[in-house]
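Protein chains in written order, with this note's numbering: chain A, 1 to 197; chain B, 198 to 375.
One or more hints might be untrue.
Taking beta-carbon pairs under 10 Å as the criterion, some of the chain A residues facing chain B (in silico) [unchecked claim]:
| hint | residue |
| --- | --- |
| 1 | Ile11 |
| 2 | Pro73 |
| 3 | Glu127 |
Simulated DEER-style distance windows between Cβ atoms [claimed, not checked]:
| hint | chain 1 | residue 1 | chain 2 | residue 2 | range |
| --- | --- | --- | --- | --- | --- |
| 4 | B | Leu281 | A | Ile45 | 24 to 30 Å |
| 5 | A | Arg120 | B | Ile217 | 45 to 51 Å |
| 6 | B | Leu216 | A | Arg39 | 28 to 34 Å |
Far from chain A by the CB rule (all over 12 Å, computed), these chain B residues [stated by the list, open to error]:
| hint | residue |
| --- | --- |
| 7 | Leu215 |
| 8 | Ala232 |
| 9 | Leu255 |
| 10 | Ile274 |
| 11 | Gly282 |
| 12 | Leu296 |
| 13 | Gly327 |
| 14 | Gly344 |
If you are wondering where the hints come from, they were derived from the structure by calculation, not from laboratory data.
Note that CB positions come from ideal geometry on N, CA and C, so glycine has one too.
Letter by letter, the chains look like this.
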Amino acid sequence: MLNVIWLLLLISGIIVAAFNGQIEVVTEAALDAAQSAVRVCFDLIGIMSMWLGIMKIAEKAGLIQGLASFMSPLLRRLFPSVSSRDPAMGAIIMNLSANMLGLGNAATPFGMKAMQELQRLNNNQPEASAAMCTFMALNTSCITLIPATIIGVRLAYGSADPTEIVGACIFATSCAMAVAVSLDYVFRRHSRWGGKH
Amino acid sequence: MLQVILSTVSKWAIPFLLLIIPLCGIIKKVPVYEAFVEGAEEGFTTAVRIIPFLVGMLVAISVFRASGAMDVLISLIRPLMVALGAPPDVLPLAIMRPLSGSGALGLATELMKVYGPDSMIGRMASVMQGTTDTTFFVLTVYFGSVGIKRFKYAVVTGLSADLTGLLASIYICNLLFK
Numbered sequence: 001m002l003n004v005i006w007l008l009l010l011i012s013g014i015i016v017a018a019f020n021g022q023i024e025v026v027t028e029a030a031l032d033a034a035q036s037a038v039r040v041c042f043d044l045i046g047i048m049s050m051w052l053g054i055m056k057i058a059e060k061a062g063l064i065q066g067l068a069s070f071m072s073p074l075l076r077r078l079f080p081s082v083s084s085r086d087p088a089m090g091a092i093i094m095n096l097s098a099n100m101l102g103l104g105n106a107a108t109p110f111g112m113k114a115m116q117e118l119q120r121l122n123n124n125q126p127e128a129s130a131a132m133c134t135f136m137a138l139n140t141s142c143i144t145l146i147p148a149t150i151i152g153v154r155l156a157y158g159s160a161d162p163t164e165i166v167g168a169c170i171f172a173t174s175c176a177m178a179v180a181v182s183l184d185y186v187f188r189r190h191s192r193w194g195g196k197h
Numbered sequence: 198m199l200q201v202i203l204s205t206v207s208k209w210a211i212p213f214l215l216l217i218i219p220l221c222g223i224i225k226k227v228p229v230y231e232a233f234v235e236g237a238e239e240g241f242t243t244a245v246r247i248i249p250f251l252v253g254m255l256v257a258i259s260v261f262r263a264s265g266a267m268d269v270l271i272s273l274i275r276p277l278m279v280a281l282g283a284p285p286d287v288l289p290l291a292i293m294r295p296l297s298g299s300g301a302l303g304l305a306t307e308l309m310k311v312y313g314p315d316s317m318i319g320r321m322a323s324v325m326q327g328t329t330d331t332t333f334f335v336l337t338v339y340f341g342s343v344g345i346k347r348f349k350y351a352v353v354t355g356l357s358a359d360l361t362g363l364l365a366s367i368y369i370c371n372l373l374f375k
């Protein structure tokens, strides 16, 4: 799936650029993007290190396990293959909480930590496990209670009521999340991709 | 009132976590600084491991955008958007949202600058930006960081969620703000 999308993005880009007689745009865009990708990763190193450090303290203090057992009735249904005492569950909870609070730069480190733990449970196979797909479904559609960035932009451009969109955002993400979770459930049960998990 | 509460919460969230977690650690007799360093060690390897995946994705997206192929796609979908009750100006944002977070934020900011945050376009752009996540970034980075090559149905699920979020944004904005 991703192979097809990736190839389509490239091919259609190159064809359109050639058609418009500005093929040099492709070269420039490709090289620029490659550099900026590395810059993004380097920016991430500091933020990742900080949040993973804080998370280790929370883990050793038993905070994450506490949160996990509090939420386990819900999480057990979403992640039947992951025990609520597993470190993976703690990282999943931290990621989803950070997402809900709109703390994007904290959500990424926790999310990647969660994936590492899920990959350990997946025995390091190159194929995504069902739990990973569920986590991705939740993560990409997660409700944001405080869309801080966009409120900031609205404020900057002189909105009379910068937060008036919060209710609408919550409604729209709830719809997205409902679809993501249901689709994930159906795929996990019935799909040719589902496998034995 | 809501605005004051939300801006206070978002201002305090990180300082609060940075205070409360180490405090709990001390109470539970955790050697807090050593624990922090132990956790932080993993930051470097994790961040570096995603480089190839991010390069691959950003190069393809950037070529798609810069070449004008995205504009072609937009002009193809435009009539559909109008039929759904969305101003055509928000369409580039809708297409950019799952591909690139910074690109989408740039477009949303631009729309608010041109049309004003309290216009229909400004509000719809805000809701779209606040609703869906950058599916391709999340998928490539998260799966990439642990060496997953086959994403199975996660791409379909993520894009369906994006599409739902988009349609729901159009619907709710027309309902609330018209």
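Hint by hint, here is what the structure shows:
Interface hint at A:Ile11: satisfied, since its Cβ lies 9 Å from the closest Cβ of chain B, which is below the 10 Å cut-off. Annotation: A:Pro73 was flagged as interfacial toward chain B, and the flag is violated, the nearest CB pair being 23 Å apart, outside 10 Å. Contact between A:Glu127 and chain B, as hinted, is supported at the beta carbon level, the nearest pair being about 4 Å apart and thus within 10 Å. A beta carbon spacing of about 42 Å between B:Leu281 and A:Ile45 contradicts the range 24 to 30 Å that was offered as a hint.
A C-beta distance of roughly 28 Å is found between A:Arg120 and B:Ile217, which places it outside the suggested range of 45 to 51 Å. Taken as a hint, the range 28 to 34 Å holds for the pair B:Leu216 and A:Arg39, whose Cβ atoms sit roughly 31 Å apart. Residue-level check failed: B:Leu215 sits 7 Å from the nearest beta carbon of chain A, not beyond 12 Å. Not every C-beta of chain A lies more than 12 Å from that of B:Ala232, the closest at about 5 Å, which undercuts listing it as non-interface.
A Cβ of chain A approaches the Cβ of B:Leu255 within 12 Å, the least distance being about 4 Å, so the stated non-interface status is violated. For B:Ile274, the shortest C-beta to C-beta distance to chain A comes to about 14 Å, beyond the 12 Å cut-off, and the non-interface label holds. Listed as outside the interface, B:Gly282 is consistent with that label: its C-beta sits roughly 14 Å from the nearest C-beta of chain A, beyond the 12 Å cut-off. Remark: the non-interface label on B:Leu296 conflicts with the geometry, its nearest Cβ contact in chain A lying 8 Å away (cut-off 12 Å).
Here B:Gly327 does not stay apart from chain A, with its beta-carbon only about 3 Å from theirs, under the 12 Å limit. The beta carbon of B:Gly344 sits about 6 Å from the closest Cβ of chain A, which is not more than 12 Å, so the claim that it is off the interface is violated.
Hint check: violations occur at hints 2, 4, 5, 7, 8, 9, 12, 13 and 14; the rest are consistent with the structure.
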